[in-house]
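Protein chains: 2
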Amino acid sequence: MNCVAHQSSGLWRHPRDRSRHYNDLSYWTGLAKILEGGSFDGIFIADVLGTYDVYGGTDEAALRTGSQVPVNDPILLVSAMAAVTEHLGFGITAGTAYEHPYPFARRMSTLDHLTKGRVGWNVVTGYLPSAARNMGQTDQLGHDDRYDVADEYLEVLYKLWEGSWEDDAVVEDRETGVFTDPAKVHPIEHHGTHFDVPGIHLSEPSVQRTPVVYQAGASPRGIRFAAENAEAVFVGAPTLPQLAATVAKIRDALEAAGRDRYAARVYTLLTVITDETDEAAQAKYRDYLSYASEAGALVLNSGWMGVDLSQYDLDEPLGNIESNAIQSAAANLSAATGEDGTTWTVRDIARQTAIGGLGPVEVGSGATIAQRLIDIQEQTDVDGFNLAYAVTPGTWEDVIEFVVPELRARNAYPDGYREGSLRHKLLGRGDRLPEEHRGASFRVGVSATA
Amino acid sequence: MNCVAHQSSGLWRHPRDRSRHYNDLSYWTGLAKILEGGSFDGIFIADVLGTYDVYGGTDEAALRTGSQVPVNDPILLVSAMAAVTEHLGFGITAGTAYEHPYPFARRMSTLDHLTKGRVGWNVVTGYLPSAARNMGQTDQLGHDDRYDVADEYLEVLYKLWEGSWEDDAVVEDRETGVFTDPAKVHPIEHHGTHFDVPGIHLSEPSVQRTPVVYQAGASPRGIRFAAENAEAVFVGAPTLPQLAATVAKIRDALEAAGRDRYAARVYTLLTVITDETDEAAQAKYRDYLSYASEAGALVLNSGWMGVDLSQYDLDEPLGNIESNAIQSAAANLSAATGEDGTTWTVRDIARQTAIGGLGPVEVGSGATIAQRLIDIQEQTDVDGFNLAYAVTPGTWEDVIEFVVPELRARNAYPDGYREGSLRHKLLGRGDRLPEEHRGASFRVGVSATA
Chain A
1 MNCVAHQSSG
11 LWRHPRDRSR
21 HYNDLSYWTG
31 LAKILEGGSF
41 DGIFIADVLG
51 TYDVYGGTDE
61 AALRTGSQVP
71 VNDPILLVSA
81 MAAVTEHLGF
91 GITAGTAYEH
101 PYPFARRMST
111 LDHLTKGRVG
121 WNVVTGYLPS
131 AARNMGQTDQ
141 LGHDDRYDVA
151 DEYLEVLYKL
161 WEGSWEDDAV
171 VEDRETGVFT
181 DPAKVHPIEH
191 HGTHFDVPGI
201 HLSEPSVQRT
211 PVVYQAGASP
221 RGIRFAAENA
231 EAVFVGAPTL
241 PQLAATVAKI
251 RDALEAAGRD
261 RYAARVYTLL
271 TVITDETDEA
281 AQAKYRDYLS
291 YASEAGALVL
301 NSGWMGVDLS
311 QYDLDEPLGN
321 IESNAIQSAA
331 ANLSAATGED
341 GTTWTVRDIA
351 RQTAIGGLGP
361 VEVGSGATIA
371 QRLIDIQEQT
381 DVDGFNLAYA
391 VTPGTWEDVI
401 EFVVPELRAR
411 NAYPDGYREG
421 SLRHKLLGRG
431 DRLPEEHRGA
441 SFRVGVSATA
Chain R
1 MNCVAHQSSG
11 LWRHPRDRSR
21 HYNDLSYWTG
31 LAKILEGGSF
41 DGIFIADVLG
51 TYDVYGGTDE
61 AALRTGSQVP
71 VNDPILLVSA
81 MAAVTEHLGF
91 GITAGTAYEH
101 PYPFARRMST
111 LDHLTKGRVG
121 WNVVTGYLPS
131 AARNMGQTDQ
141 LGHDDRYDVA
151 DEYLEVLYKL
161 WEGSWEDDAV
171 VEDRETGVFT
181 DPAKVHPIEH
191 HGTHFDVPGI
201 HLSEPSVQRT
211 PVVYQAGASP
221 RGIRFAAENA
231 EAVFVGAPTL
241 PQLAATVAKI
251 RDALEAAGRD
261 RYAARVYTLL
271 TVITDETDEA
281 AQAKYRDYLS
291 YASEAGALVL
301 NSGWMGVDLS
311 QYDLDEPLGN
321 IESNAIQSAA
331 ANLSAATGED
341 GTTWTVRDIA
351 RQTAIGGLGP
361 VEVGSGATIA
371 QRLIDIQEQT
381 DVDGFNLAYA
391 VTPGTWEDVI
401 EFVVPELRAR
411 NAYPDGYREG
421 SLRHKLLGRG
431 DRLPEEHRGA
441 SFRVGVSATA
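Each protein sequence line maps, in turn, to chains A and R. Under UniProt numbering, the first residue of the first sequence is numbered 1, with each subsequent residue one higher. Under UniProt numbering, the first residue of the second sequence is numbered 1, with each subsequent residue one higher.
Chain A extracted, bound-state conformation:
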């Protein structure tokens, strides 16, 4: 995120952490070069358009602990990072509730042009009520209603991206003076429940047209939405069996939506702490933990759960609290630690999530981690990892220095990049949406004959 600390509360205080430089372009261009140097597929920049104000019912604790506030717009970082890289992908979070699809379609097309086809969009329907309130709504829509709006939002976008300009519409004929053949540019004539967009898309076709569609969302409605739209899905799970079940559920949903089980990449959230040896990595982890902020973790967890954790004593056993979200957190603690009989407390939630948020933390030498990542992939059918940081860019520098060579030695990591767009790099089937994707049905000519 374009903020300090992101998911590792309090780590902005660590001498090695540079997240405080999030307002400097050189931080972002440097980070992009580091990641491309390590052949990372891309950088994913999450976002919230609100504050974590569930804890205590105000945003005071979020401000005090620097918990994802202040937070700046991620989309404006892309062009600077694109200018200093050639292959790195850019996944940007943007909400369907906060901008009309007409200007948003142009924003993403612009980025796809400027990056030469390296942009992805992480679709979120919004989960912070504070964001909705500042957009003039008394509260955000219900969970499933948000997805219904998002469905139509994507329909408008697909029509603009896929169905307005034919591939050869721009002729650029210097003799006749014809720049675009107007017969090959079509008004989308969208007249729906939530949106009314009669006109043409303002951007000419870009490399990917539709940016790579990312999604996270573990609810049944969220998984259905992902199965219909996503080409990459972010997941997270405390144990490998749970991760395997999640991955299988997504692949089943893809098939149910008429797509290949492997039509979307599934990436699981993980934080890696690594060094020369297992011992050095463990020492590094202990050092990081000494900077972790329980207060900040409680702020974030309150927002994620929708439960105000400030109302409980830190030593309150979770078993005493009547809340599905809390019981689910307790179960996750047991699952993650393998300690089934433990009496978990509110403090344990904070401790468990203070580094890396809701994702697991793996600690070890490059060889240990490399083998672990391979094992995770083999045991769960997950495609890859959404790596969070304890300190930035140090956590990723460490992965590149210690883990990547070990993965390469095991033939489990590419030596460089495949040519082509982000979509082709990730999925290997060309720059454009495949025929069976929902968005492809809106292509010019296709929808007319369907």
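Worth flagging that the hints you see were computed from the coordinates, not collected in a lab. Please note that the accuracy of each hint is not assured.
Since the list gives no way to pick one copy over another, a pair counts as held whenever it fits inside one copy or between any two copies.
[Stated by the list, open to error] Computed list of lysine to any residue pairs in SDA-like fashion (alpha-carbon distance at most 25 Å, straight line):
hint, residue 1, residue 2
1, 33, 275
2, 284, 178
3, 116, 30
4, 184, 1
5, 116, 83
6, 184, 294
Based on these hints, arrange chain R on the given structure of chain A.
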């Protein structure tokens, strides 16, 4: 604009024009470096979120002639250009009708951070009906109503930019773990006619807080809006007496709004064609004219006037057409050429505006142009020039090669940049809005005691 040709219709066909590369970041980073090399104050990127579909009642002619369509988002260009420059300012057009002020406030704060205080915002209230239709409105609001919405839009922005975070709110105390002092961050509690924004601004204070406010708009309501908000005003006039009158009107309006007559810079639209000698410049101009597109100029003029010029024969005398906008165009033709008795036709409108749009074109050697610019400034009290291009970046390269040295020889052009933000560079009174500016009244503490 982030499109081909912009105001010089048809010139995208000229071998020297690189506007076709508007989708390449290297075009924009190269342009930024050229302009900074010439000590230009800034680059101003205009925008429309719609098509010029008045001509013939469709956007076909606009597409065919490449008249500001396709057109991409300008705001996404800034970070790449900022990364390769140190002083150049960035003026970006964005409309008050097309994005909610809450996310927009964050976008501009993000850019102000990333550019270290080099960003300006050209406020437009929207003038293309096609844009409004694609935003789900049956038509755009009436002219003065748009300004009323814009008034409140700016109030929300000023509250977020100036009145939410105190200067020393971010304490970044690594010992206590306090990132921000919540007592120094204030919810703006805006509950207005058009917007309801209760919360805090999401961005910490940037160098300028409020970006430099640019505005264009020659109507009485537009001038009042500019007098209350603008720090830089874009104007245009066919003759020097008319320009002088416009500048005086703006300065009077500034005083009427309680500000200094010189509190806002006034920049007039101009296209300069220059070369080693007057003769070479005239030859260059004739060459450019041979690429100009009358058809494209008619498309743009139809949009600017709100009159469908396709309904008239090209040789139709303007005197025969009952339309205030047409009669005004005829008067401008007489004024600009000094030919009072001429029978102007529809074709003359196209010819007169095909290079540089509604702004004058000055043709001559560097010495000739330099003296002319100085004369314009002395005779009209205008502060400077909003230079359009015939070909890009060639038109500006020529100005830098031929005109800038002549201006410097006459002590009429700086040798380099003043330190500080764009605001300080332009106005010389610091990085922040001055006390007497409307936006300053919303500052924390000030508004509370007012």
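- Within, between, both or neither: residue 184, residue 1 at alpha-carbon 25 Å: Answer is between: at 23 Å across copies they meet the 25 Å cutoff, but 39 Å inside does not.
- Query: Quick one: residue 116 to residue 30, C-alpha cut-off 25 Å, is that within a copy, between copies, both, or neither?
  - Reply: The answer is both: 20 Å in one copy and 17 Å across copies each meet 25 Å.
- Task: If the cutoff is 25 Å on CA atoms, where do residue 33 and residue 275 land: within, between, both or neither? Let me know, please.
- Result: Within one copy, since 21 Å is at most 25 Å while 42 Å is not.
- Message: Reference check for the pair residue 184 and residue 294, CA-CA at most 25 Å: within, between, both, or neither?
- Response: Answer is between; shortest inter-copy Cα gap is 23 Å, intra-copy 58 Å.
- Up to 25 Å CA-CA - residue 178 versus residue 284, copy category: between (63 Å within a copy, 23 Å between copies)
- Message: Checking an output row: residue 116 and residue 83, CA cutoff 25 Å. Within, between, both or neither?
- Response: For residue 116 and residue 83, both the intra-copy (11 Å) and inter-copy (19 Å) Cα distances are at most 25 Å.
Of the hints listed earlier, there is not a single one the structure fails to meet.
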